[in-house]
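Chains as they are written, first to last, in this note's numbering: chain X, 1 to 187; chain C, 1 to 187; chain S, 1 to 187; chain G, 1 to 187; chain Z, 1 to 187; chain A, 1 to 187.
Derived from the structure by calculation, the hints contain no laboratory data.
A few of these clues could be false.
To be verified - Label pairs and their computed distance ranges (CB to CB): (1) Thr48/S - Ser155/A: 46 to 54 Å; (2) Val77/G - Arg57/C: 50 to 58 Å; (3) Asn125/X - Val65/S: 37 to 45 Å; (4) Asn131/Z - Asn125/X: 47 to 55 Å; (5) Val95/G - Asn125/X: 42 to 50 Å; (6) Thr48/S - Ser155/Z: 52 to 60 Å.
Since this is a predicted model, take the numbers as computed values, not measurements.
All C-beta atoms in this analysis are idealised placements derived from N, C-alpha and C, irrespective of residue type, glycine included.
Here are the chains, one letter per residue:
Number of protein chains: 6
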Amino acid sequence: MSNLSIFFVFCFFSTLSHAIEFNFCVGDPSLPRGSQGYACKDPAKVTTDYFVYTGFRGEKTPNNVFGNNVTLAFSNVFPTFNGLGISLARLDFAVGGVIPIHSHCTSEILNLVKGSIIAGFIDTNNIAYYNRLEVGDVMVFPQAMLHFQINVGKSPATAYVSLNGANPTLQLTPTSLFAENLPADIA
Amino acid sequence: MSNLSIFFVFCFFSTLSHAIEFNFCVGDPSLPRGSQGYACKDPAKVTTDYFVYTGFRGEKTPNNVFGNNVTLAFSNVFPTFNGLGISLARLDFAVGGVIPIHSHCTSEILNLVKGSIIAGFIDTNNIAYYNRLEVGDVMVFPQAMLHFQINVGKSPATAYVSLNGANPTLQLTPTSLFAENLPADIA
Amino acid sequence: MSNLSIFFVFCFFSTLSHAIEFNFCVGDPSLPRGSQGYACKDPAKVTTDYFVYTGFRGEKTPNNVFGNNVTLAFSNVFPTFNGLGISLARLDFAVGGVIPIHSHCTSEILNLVKGSIIAGFIDTNNIAYYNRLEVGDVMVFPQAMLHFQINVGKSPATAYVSLNGANPTLQLTPTSLFAENLPADIA
Amino acid sequence: MSNLSIFFVFCFFSTLSHAIEFNFCVGDPSLPRGSQGYACKDPAKVTTDYFVYTGFRGEKTPNNVFGNNVTLAFSNVFPTFNGLGISLARLDFAVGGVIPIHSHCTSEILNLVKGSIIAGFIDTNNIAYYNRLEVGDVMVFPQAMLHFQINVGKSPATAYVSLNGANPTLQLTPTSLFAENLPADIA
Amino acid sequence: MSNLSIFFVFCFFSTLSHAIEFNFCVGDPSLPRGSQGYACKDPAKVTTDYFVYTGFRGEKTPNNVFGNNVTLAFSNVFPTFNGLGISLARLDFAVGGVIPIHSHCTSEILNLVKGSIIAGFIDTNNIAYYNRLEVGDVMVFPQAMLHFQINVGKSPATAYVSLNGANPTLQLTPTSLFAENLPADIA
Amino acid sequence: MSNLSIFFVFCFFSTLSHAIEFNFCVGDPSLPRGSQGYACKDPAKVTTDYFVYTGFRGEKTPNNVFGNNVTLAFSNVFPTFNGLGISLARLDFAVGGVIPIHSHCTSEILNLVKGSIIAGFIDTNNIAYYNRLEVGDVMVFPQAMLHFQINVGKSPATAYVSLNGANPTLQLTPTSLFAENLPADIA
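With the hints as extra help, turn the sequences into a complete structure.
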């Protein structure tokens with residue numbers, strides 16, 4: 001019998017004596033947090049349900065002035081993402097719906113699963129990169145680039161976006177220009 | 001007129017004099033590469049088409065012994081991901097199809113868009129976390145955990161997975177145990 | 001004689017036999033670059049002058065529509081910063097001059113050396129943090145926050161800003177909204 | 001009306017429903033800390049004053065044996081820098097004043113605003129890189145290099161240094177060789 | 001007297017006024033932890049003994065079915081490693097003893113100090129790299145590669161391995177395939 | 001037959017269609033390098049011998065004025081370490097031999113395999129942490145701390161040190177204070 005086959009035969013009965021504790025770090029917002037994210041919930045209290053997010057189920061009707069419906073699964077909503085450096089969002093567009101131009105410090109990958117949209121970004125040389133996407137198309141928005149999406153099709157559209165951060169800082173540009181507590185002589 | 005409104009009125013006509021060059025780094029496999037990824041293709045030759053991946057379009061029929069069809073959009077296939085620290089894959093399952101247990105050093109988020117599967121991972125304390133997922137459900141496989149997916153439904157299933165690495169190193173465990181060039185006395 | 005004093009007596013005559021090569025990596029834009037920055041110029045050709053930047057010398061007259069004069073010392077201008085993860089800029093303001101609201105993915109520290117300005121940023125909860133600064137004051141703009149500066153004093157003002165990136169990606173928001181090559185039906 | 005102009009018209013009234021919490025992480029030394037820095041103070045208690053450091057105001061008279069006066073704005077003094085990966089210091093030199101040779105694991109950028117000094121560093125091949133600097137000159141000390149500054153002019157000098165770490169570990173070399181609690185037979 | 005010699009003469013008497021606090025972060029498992037590791041024990045309670053690990057002393061007799069004895073010095077056993085990004089393990093092999101094939105997300109360096117073993121890894125192209133090692137030999141297992149060691153000599157063998165993580169996540173592959181709490185219809 | 005056992009039965013015959021290329025990045029000093037390390041040698045030319053370093057074999061006689069013999073296995077000597085973030089060195093001490101006080105930006109772990117030494121470091125509060133080590137003892141020198149070793153035993157001593165960097169920048173403090181090309185009026 002070969003040496004390696006010993007691995008298969010015997011290793012069901014034995015394991016290393018020192019278990020490792022940090023397989024995951026589900027965020028616990030009630031504890032002090034650090035600049036890298038939340039403190040970890042006690043792993044003994046983390047059941048399998050913590051690893052499933054069901055907030056993307058069902059229809060998401062765009063009902064705001066932009067004709068969009070954005071469902072974020074960031075670590076402040078789904079704390080299991082804490083420390084893992086990745087997150088998701090679901091974007092639903094009414095006909096003509098838009099996601100206004102914005103940026104964040106993570107890169108973003110959009111994956112169109114329904115409808116047809118134009119998506120694009122503008123680089124720091126003021127060059128725009130935009131495309132019409134069909135179902136199954138993936139578009140990349142490199143980190144920090146201002147980007148936007150517009151449903152130019154004749155039916156609703158749905159896309160999922162992945163971001164390589166657990167809690168991407170995100171600002172809608174024009175909104176931010178009018179912060180509520182700026183004095184009138186500045187804003 | 002307020003100070004801030006000056007921004008809106010005038011800044012269309014002027015910009016900073018020094019443009020920034022590194023908005024993205026589309027990989028060029030013909031150049032020497034580093035441990036962090038490919039060298040960058042000349043940005044002047046990067047058109048908008050480089051930012052769209054169309055490899056997920058259409059039907060993907062599982063036709064291997066596992067009953068799966070895995071379409072990877074990693075940076076070696078889609079070099080625009082180079083340096084961005086994120087990638088995608090599409091998983092199609094026949095009825096009863098499986099993705100064999102494996103691990104990688106990136107975290108993974110699975111997003112089920114068709115069918116119903118059981119997905120799970122096993123932590124280093126030998127505890128399994130698994131769930132039956134329905135359309136719209138998202139499941140997280142933290143970095144380095146062994147994980148698997150099985151189509152337990154009565155129809156084909158499709159999922160997308162996001163990984164926070166541009167070119168995740170990935171090994172199918174049992175396959176690797178029998179590397180072709182291992183001598184018989186070891187393997 | 002103590003053991004430690006041996007260090008002082010003898011170590012002038014001897015050193016470790018293997019020299020280390022990567023003390024710095026002055027960027028060489030003529031070589032292929034990676035997502036992390038430029039390739040390194042041959043260190044044997046790097047003289048002491050490479051480590052001094054003189055571009056901030058003298059008067060900098062603001063003569064654009066914003067009443068500002070921004071001198072960037074980023075790695076594309078001063079390639080010695082390549083790989084070091086830090087950079088500088090000098091900001092000169094005419095009376096009433098402004099730096100329009102913008103963001104970048106590095107944090108920024110402003111150090112006012114002449115005049116008096118109001119500087120501030122807006123967080124993602126749409127709360128503005130702004131202050132009037134006097135000579136010697138330092139203000140922090142955390143990464144990704146939209147921020148701005150306005151010379152509210154009666155004389156010109158000068159500040160230096162430090163950023164923890166060698167080549168910060170930077171976008172003037174309103175300018176970018178009107179990328180030159182966006183088609184009229186989108187823009 | 002174009003699609004993009006919708007952004008300007010309407011987005012003042014609406015925003016994404018899930019606010020992001022981690023815009024900054026002002027350190028709270030009273031909480032447990034991690035290897036990456038302090039835990040965050042409750043953001044609701046962080047006012048705009050937290051973002052301004054006034055410790056550099058006014059004259060700083062060198063009155064120690066080196067003829068220097070070093071004012072550090074590191075995160076242990078100014079906890080707003082916590083987690084941001086950047087910090088500052090002000091260096092004041094009497095005529096003939098020196099900053100003794102030392103090193104730290106962050107890179108450092110010196111910005112001379114008054115007087116004339118010689119600054120330099122020594123690389124691991126024992127090569128010195130030094131220059132005489134005038135007002136407005138910037139010199140770079142790459143990470144881990146031993147470096148020093150000497151006021152060789154006929155008047156006091158002032159410089160600001162930026163470091164890409166919130167709390168750079170710093171050791172004055174010769175001082176450290178004589179730690180107080182080393183036993184006599186070692187030291 | 002030269003300027004630099006002033007450093008030697010005087011700097012024993014004076015130092016910078018602001019001490020730095022984060023020289024190390026010995027983990028305190030009783031405090032909330034983050035995704036990057038444990039919170040720090042109060043440094044005032046950290047004595048010199050905390051920096052020495054004695055768990056590798058003496059003979060280590062392999063007495064499990066694999067004929068190995070693995071002594072891990074990871075941060076959960078030796079919390080001084082917390083936050084330092086490095087750890088160690090001692091591997092003792094009986095004649096014919098093996099370390100079953102496994103992987104982790106840190107790189108590993110093996111340093112053989114007694115006996116003779118065959119060690120190897122299998123890359124993602126299913127190519128095996130293996131060698132017979134003698135005392136003094138060092139072998140590298142790049143991050144994420146499945147790897148193994150077998151004592152092929154006629155006497156016991158001992159090796160030390162270094163890993164560039166404080167608490168490497170580690171899974172023995174075949175063991176993990178049979179997690180205890182997987183239902184029979186899956187496992 | 002259970003679902004999971006299918007993995008064992010069939011997966012030897014099939015694998016994912018897209019191989020991953022970056023399993024390792026053996027440095028090629030003849031190519032342009034970046035701030036993160038060397039460019040990668042063509043993996044097709046990397047044989048199994050590249051992963052074994054034999055430079056630690058045999059006796060190492062200390063024959064310099066310090067009574068030490070330092071054998072560095074850093075990436076400039078053993079380029080397989082390139083990009084892996086870890087390296088090794090062997091330290092041999094004559095009776096009374098010392099490694100002079102020095103620092104580097106990586107953490108270091110010392111593993112004593114022969115003899116008895118005193119090893120220690122000095123933190124930024126000028127507190128020394130030192131211990132007498134016996135065979136099998138491990139001591140940690142946290143990143144950036146000045147540290148030293150002295151053979152206080154009556155026989156030669158040998159230790160291995162691991163560092164979490166592929167090419168740690170390292171300076172012998174007193175040597176560096178007398179760089180050869182500093183002018184006499186400075187040095």
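Here is how each hint holds up against the structure:
no. : hint                            : in the structure
1   : Thr48/S - Ser155/A: 46 to 54 Å  : holds, 47 Å
2   : Val77/G - Arg57/C: 50 to 58 Å   : holds, 57 Å
3   : Asn125/X - Val65/S: 37 to 45 Å  : violated, 20 Å
4   : Asn131/Z - Asn125/X: 47 to 55 Å : holds, 50 Å
5   : Val95/G - Asn125/X: 42 to 50 Å  : holds, 48 Å
6   : Thr48/S - Ser155/Z: 52 to 60 Å  : holds, 57 Å
Hint violations for this structure: number 3 only, all remaining hints satisfied.
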